[in-house]
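Enquirer: In case you want the letters, here they are:
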Amino acid sequence: SQQGEEDPQALSIQEGENATMNCSYKTSINNLQWYRQNSGRGLVHLILIRSNEREKHSGRLRVTLDTSKKSSSLLITASRAADTASYFCATDAPPYSNSGGSNYKLTFGKGTLLTVNP
Amino acid sequence: NAGVMQNPRHLVRRRGQEARLRCSPMKGHSHVYWYRQLPEEGLKFMVYLQKENIIDESGMPKERFSAEFPKEGPSILRIQQVVRGDSAAYFCASSLRQGADEKLFFGSGTQLSVL
Numbered sequence: 001s002q003q004g005e006e007d008p009q010a011l012s013i014q015e016g017e018n019a020t021m022n023c024s025y026k027t028s029i030n031n032l033q034w035y036r037q038n039s040g041r042g043l044v045h046l047i048l049i050r051s052n053e054r055e056k057h058s059g060r061l062r063v064t065l066d067t068s069k070k071s072s073s074l075l076i077t078a079s080r081a082a083d084t085a086s087y088f089c090a091t092d093a094p095p096y097s098n099s100g101g102s103n104y105k106l107t108f109g110k111g112t113l114l115t116v117n118p
Numbered sequence: 119n120a121g122v123m124q125n126p127r128h129l130v131r132r133r134g135q136e137a138r139l140r141c142s143p144m145k146g147h148s149h150v151y152w153y154r155q156l157p158e159e160g161l162k163f164m165v166y167l168q169k170e171n172i173i174d175e176s177g178m179p180k181e182r183f184s185a186e187f188p189k190e191g192p193s194i195l196r197i198q199q200v201v202r203g204d205s206a207a208y209f210c211a212s213s214l215r216q217g218a219d220e221k222l223f224f225g226s227g228t229q230l231s232v233l
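Protein chains in written order, with the working numbering: chain A, 1 to 118; chain B, 119 to 233.
The following block holds chain A by itself, in its conformation from the complex (with noise of 0.2 Å):
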């Protein structure tokens, strides 16, 4: 599996559940992120964990990272038919700047196709 895999690949919901989706990574990373990406448009920055933090919240998102087991879950509470997007983890890959780390050169899962059905 390549870094920065997502799972399911699609998952189809009601309005109003929650999605969970998950992603797993191999290397050993400085920041995780998450994009969403509507149909035939560019990749929004939903949201960025670093290595040293376990949950980061946005508004009805919630990220966690577990750095044991190289792996990532976003979680969408109370979802809306406008969620409905293809979401992407990616992960900052080494060497690392000086800086503390290079955010450039992301590697990106094939993304998780969320359908929320009103």
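No lab work stands behind these hints: they were computed from the structure.
Glycine included, every Cβ here is placed at the ideal spot set by N, Cα and C.
Incorrect hints may have been included.
[Claimed, not checked] Heads up, simulated EDC-like pairs for lysine to aspartate or glutamate below, C-alpha to C-alpha not over 20 Å straight-line:
id: 1; chain 1: A; residue 1: K105; chain 2: B; residue 2: D174
id: 2; chain 1: A; residue 1: K26; chain 2: B; residue 2: E159
id: 3; chain 1: A; residue 1: K56; chain 2: A; residue 2: D66
[What the hints assert, rightly or not] Between beta-carbon pairs, the in silico distance windows are:
id: 4; chain 1: B; residue 1: P179; chain 2: A; residue 2: G40; range: 22 to 28 Å
id: 5; chain 1: B; residue 1: G177; chain 2: A; residue 2: P8; range: 26 to 32 Å
id: 6; chain 1: A; residue 1: R50; chain 2: B; residue 2: H147; range: 19 to 25 Å
id: 7; chain 1: B; residue 1: H147; chain 2: A; residue 2: S68; range: 32 to 38 Å
Fit chain B to the known structure of chain A by using the hints.
Expert: Okay, now just chain B, sitting in the frame of chain A:
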């Protein structure tokens, strides 16, 4: 403040032609990155540029691909003698600075189709 602008949105080329993809970073951003997304795949890093400099091109194919970010004007990703395997979505991103927690802002991409 306009976001990252890419054009064209869709580009159709026949095998052997040249493709030129343009990217204007967000205002004030001097760091530009190109990524490629093949069908059913995640984005893959291609190249990182600052004004007039290529910083990291480790993700660029060795032949036919080139990128520039001139002092004036947009960044250009150029693909010569395109082949069907070049069909993909090409995304440009920009950032204000370079650092561990610096956020990348992505454009809407150029969908290249090679006939």
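Enquirer: Each hint needs a verdict: does it hold in this structure or not?
Expert: Verification of the hints:
no. : hint                        : verdict
1   : A:K105 to B:D174            : holds (9 Å)
2   : A:K26 to B:E159             : holds (18 Å)
3   : A:K56 to A:D66              : holds (12 Å)
4   : B:P179 to A:G40: 22 to 28 Å : holds (25 Å)
5   : B:G177 to A:P8: 26 to 32 Å  : holds (28 Å)
6   : A:R50 to B:H147: 19 to 25 Å : holds (23 Å)
7   : B:H147 to A:S68: 32 to 38 Å : holds (36 Å)
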